[in-house]
Amino acid sequence: MSKVQRIKGGRIIDPKNKRDEVGDLYIIDGKIADKPSDDLLNNAEIHDASGLVVCPGFVDLHVHFRVPGQTHKETIRTGTSAAAAGGFTSVVCMPNTSPPADNAGTIQFIKDAIEREAVVNVFPTGCITVGMEGKRLAPTGSLSEAGIVAISEGGKCVQDNGLMRRATQYAHMFNIPVIDHCQDDSLTRDGVMNEGFVSTKLGLVGSPKEAEDIVVSRNVILSSATGAHIHMQHISSKTAVEILRRAKARGTNVTAEATPHHISLIDEEIQSFDTNFKMNPPLRSEEDRIALIEGLKDGTIDCIATGHAPHTDYEKEVEFDYAPFGVIGLETALSVALGELYHSKRLSLSETLSLLAQRPSEILGLGKGTLDTGASGDICVFDPEEVWTPQKDSFFSKSSNSPWLGRELRNKVKKTFVSGRLVYDGERILP
Amino acid sequence: MAFSGMPWNRKDLISIESLNVEEIETIFETAEAFKKILNRKTAKTPALRGKTVVNLFFEPSTRTRVAFEMAANRLSADILSLDMKTSSTTKGETLRDTVDTITALQADIIVIRHSAPGSAGYIAGVVDLPVLNAGDGAHEHPTQALLDCFTLREKWGSLKDRKIAILGDILYSRVARSNIWAMTKLGAEVTLVGPSTLVPHEFEQMGVKVSHDLKSALEDKEAVMLLRIQHERQNASAFPSLNEYTSMFGLNKTRLSWLKKDAIIMHPGPINRGVEIDSELADSDQSVILEQVTNGLAIRMAALYLCSGGKAEAVASD
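Top to bottom, those sequences are chains A and B. Per this note's numbering, residue 1 is the first one in the first sequence, and the count goes up by one each step. Per this note's numbering, residue 432 is the first one in the second sequence, and the count goes up by one each step.
Keep in mind that a hint or two might mislead.
With a straight-line Cα cutoff of 35 Å, these simulated DSBU-like cross-link-like pairs (lysine-lysine) come out [to be verified]:
#1 Lys-297/A <-> Lys-18/A
#2 Lys-316/A <-> Lys-482/B
#3 Lys-412/A <-> Lys-392/A
#4 Lys-238/A <-> Lys-31/A
#5 Lys-516/B <-> Lys-392/A
#6 Lys-640/B <-> Lys-586/B
#7 Lys-248/A <-> Lys-316/A
#8 Lys-316/A <-> Lys-442/B
#9 Lys-684/B <-> Lys-646/B
#10 Lys-238/A <-> Lys-640/B
#11 Lys-135/A <-> Lys-16/A
#12 Lys-482/B <-> Lys-594/B
#13 Lys-466/B <-> Lys-692/B
#14 Lys-442/B <-> Lys-392/A
#15 Lys-8/A <-> Lys-31/A
#16 Lys-691/B <-> Lys-466/B
#17 Lys-316/A <-> Lys-646/B
#18 Lys-156/A <-> Lys-516/B
#19 Lys-482/B <-> Lys-472/B
#20 Lys-31/A <-> Lys-412/A
#21 Lys-316/A <-> Lys-135/A
Computed spacing ranges between beta-carbons, pair by pair [to be verified]:
#22 Thr-628/B <-> Ser-272/A: 53 to 63 Å
#23 Asp-274/A <-> Lys-516/B: 20 to 30 Å
#24 Glu-115/A <-> Thr-532/B: 58 to 68 Å
#25 Lys-345/A <-> Lys-646/B: 22 to 32 Å
#26 Lys-516/B <-> Gly-365/A: 51 to 61 Å
#27 Val-724/B <-> Lys-297/A: 56 to 66 Å
#28 Val-724/B <-> Gly-162/A: 49 to 59 Å
#29 Val-452/B <-> Arg-407/A: 27 to 37 Å
#30 Glu-210/A <-> Pro-671/B: 18 to 28 Å
#31 Ser-348/A <-> Thr-532/B: 53 to 63 Å
#32 Arg-116/A <-> Asn-451/B: 57 to 67 Å
#33 Ser-272/A <-> Pro-438/B: 37 to 47 Å
#34 Glu-210/A <-> Glu-585/B: 42 to 52 Å
Just so you know, these hints were derived from the structure itself, not from any lab. Cβ atoms here follow ideal geometry from the backbone N, Cα and C, with glycine treated the same way.
Required output: the full structure, derived from the provided sequences and hints.
Below, the structure written as structure tokens:
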């Protein structure tokens, strides 16, 4: 007999199908279903969602799960647990592992770990170049056959424009998108934060926005020339948003993401030299932050992605210059995104949720992020009123390098389902 | 002498930015009292007897380290100077572990110099001991700025409405930053001068003027502070060559005449004679470079004394 689940009495929001109503959502055998017969209903497992929002599970195009090689920071188990606790049911993990995921064997290793440990869907990516050294193309075809959804250079950026052009042309043949961390290294050498008044005042070496703007421009030009899809990670600069806006108006095949931290925080946070505000690209100015939000509003920036980058306490608790770049984000993304976009009345609730689920899924064609009948039962149930304060020990991630430690947040995930299986119940990850 | 300043309630001296004018005055008045002691025949006071001051220098330094050693010595403290040379990352030990080790050895005061901005403040936050910043990267060098302003105060009585130019490599200079905070808090009008690549306009938000035209910037100034042009920064290509720097911005006799008559010449040292300043100017009557060094001793005595819980009025009434 079929297994029936009834998520009862919640506010169901499915941006793709323009659905926003209080009612019941049904899952039959792990897939979203229409209301079943009374017969089936009588045996349904009931999850009360009254007062809660029921929406498609979120999709994160940008996480670092550190497998293989850096499992002191995160594992597939802890990373996917963090995802589940944040309402994410699908994540795309970056290939800057040790060794880098630049061959089919490493991809298979990652897939085996996913098979054993993951509690949400994990889609691996492969490197653009061998060893992420920016010199020779990695075997995109074999990587594609091994199951990657895109190629990327992790936290690095291919500096050689000729090589990048080849990479996009070649990947296009396999219909594999190229994901890029847009940064001209010649402008960011030694840089540890945004170049501006705050860096000037603190005596920290700044990385100017032009480092991002130049490579975003390059990618727009290369995509126009080759037709290849280039997705640009964590856009942080106002000028980059403007470049993308013009490119999209011309129909260029580029997409872009913004992180919860870049849309909510600015470089002034660094006055205390707190390394949980050190990330790359760095937090920029208020003007940039507002431009990112405008970009999300008008579709210039396609989605939210966390850039979840776990680092241990002992790696982060050092001089600002020496701390690694990156912050975790999976468990706070919903709260921060809703705070900046919905509660601030810039976007509707449905529009904001779309940026977390449907739109990222569409960018890589993952087939997730909707409550279509027949879609897999990947669902997030959250409390739009609950206020919570992240603490060091409140994360499911193995690391706690979050800029929101001790800051009050609103909206809390209460349940996460993956293919109809309850994987997070608001307190723990279910075995 | 009557003490008019505010009581000192800090355990650390990390930045000038965080100090208010009253606190700066408290340090000055304490330093004045110590300077009198320095002029005595037995130039020593038992103020810190039994305490151990640890100089943790992660960057090479002679003058600042020696000045702190002398200051601790004059206060009768025991002094241990550690030349850490290598940074924590290459040593494989974190800064925190190093400092925890020093603390466990019963140190009483830590003086730290480190190449990373924010490192002194970071340490002050993790240990209970007083921490004095002897320079953290390009961020701050509070005792240097205090001794510079103390020197000007001796000459002028007050810095209020005085016009001062700071000339040279501002971008990489912690001395410049601490002096900008100190001088502006004390009411002076500060102009930064130098090449556009070393004096970005972002500094204006700190309440100073920025100029790349030496002549107009020096006109009507009553003091000019020169900063060392760092050879090692050359590879950052902030300017084409030392020769070009000297020809555009080096202080020479002609350019000195653009300043107000008898303007004061300051330099935190070490001087590159012939680069940022003509050799003879460094030795001229207008130069207070050596007075700066002497005052540095009194200022560091005051800082060590106040941060370790000493009362300003106790010295002042000595």
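Hints versus structure:
1. Lys-297/A <-> Lys-18/A: With Cα atoms ~17 Å apart, Lys-297/A and Lys-18/A stay inside 35 Å; holds.
2. Lys-316/A <-> Lys-482/B: With Cα atoms ~33 Å apart, Lys-316/A and Lys-482/B stay inside 35 Å; holds.
3. Lys-412/A <-> Lys-392/A: 17 Å, holds
4. Lys-238/A <-> Lys-31/A: 41 Å, violated
5. Lys-516/B <-> Lys-392/A: 34 Å, holds
6. Lys-640/B <-> Lys-586/B: Holds, at about 23 Å.
7. Lys-248/A <-> Lys-316/A: 38 Å, violated
8. Lys-316/A <-> Lys-442/B: OK: Lys-316/A and Lys-442/B at ~25 Å, within 35 Å.
9. Lys-684/B <-> Lys-646/B: 13 Å, holds
10. Lys-238/A <-> Lys-640/B: Holds, because 28 Å separates the two Cα atoms, which is no more than 35 Å.
11. Lys-135/A <-> Lys-16/A: 41 Å, violated
12. Lys-482/B <-> Lys-594/B: 41 Å, violated
13. Lys-466/B <-> Lys-692/B: Status holds; Cα separation ~29 Å.
14. Lys-442/B <-> Lys-392/A: 28 Å, holds
15. Lys-8/A <-> Lys-31/A: Holds, at about 16 Å.
16. Lys-691/B <-> Lys-466/B: 29 Å, holds
17. Lys-316/A <-> Lys-646/B: Roughly 47 Å separates the two Cα atoms, so the pair is violated.
18. Lys-156/A <-> Lys-516/B: Holds, because 31 Å separates the two Cα atoms, which is no more than 35 Å.
19. Lys-482/B <-> Lys-472/B: 23 Å, holds
20. Lys-31/A <-> Lys-412/A: Since the Cα atoms of Lys-31/A and Lys-412/A sit roughly 24 Å apart, the hinted pair holds (cutoff 35 Å).
21. Lys-316/A <-> Lys-135/A: 30 Å, holds
22. Thr-628/B <-> Ser-272/A: 53 to 63 Å: 28 Å, violated
23. Asp-274/A <-> Lys-516/B: 20 to 30 Å: Since Asp-274/A and Lys-516/B have Cβ atoms about 28 Å apart, the given range 20 to 30 Å holds.
24. Glu-115/A <-> Thr-532/B: 58 to 68 Å: 46 Å, violated
25. Lys-345/A <-> Lys-646/B: 22 to 32 Å: Violated, at about 54 Å.
26. Lys-516/B <-> Gly-365/A: 51 to 61 Å: Given about 55 Å between the Cβ atoms, the range holds.
27. Val-724/B <-> Lys-297/A: 56 to 66 Å: This hint holds: roughly 59 Å between Cβ atoms.
28. Val-724/B <-> Gly-162/A: 49 to 59 Å: 57 Å, holds
29. Val-452/B <-> Arg-407/A: 27 to 37 Å: Since the Cβ atoms of Val-452/B and Arg-407/A sit about 33 Å apart, the hinted range of 27 to 37 Å holds.
30. Glu-210/A <-> Pro-671/B: 18 to 28 Å: Holds: the Cβ-Cβ distance is about 22 Å, inside 18 to 28 Å.
31. Ser-348/A <-> Thr-532/B: 53 to 63 Å: Cβ of Ser-348/A to Cβ of Thr-532/B: about 56 Å, so the range 53 to 63 Å holds.
32. Arg-116/A <-> Asn-451/B: 57 to 67 Å: 59 Å, holds
33. Ser-272/A <-> Pro-438/B: 37 to 47 Å: Violated: the Cβ-Cβ distance is about 26 Å, outside 37 to 47 Å.
34. Glu-210/A <-> Glu-585/B: 42 to 52 Å: Holds: the Cβ-Cβ distance is about 46 Å, inside 42 to 52 Å.
Hints 4, 7, 11, 12, 17, 22, 24, 25, 33 from the list above are not met by this structure, while the remaining hints are.
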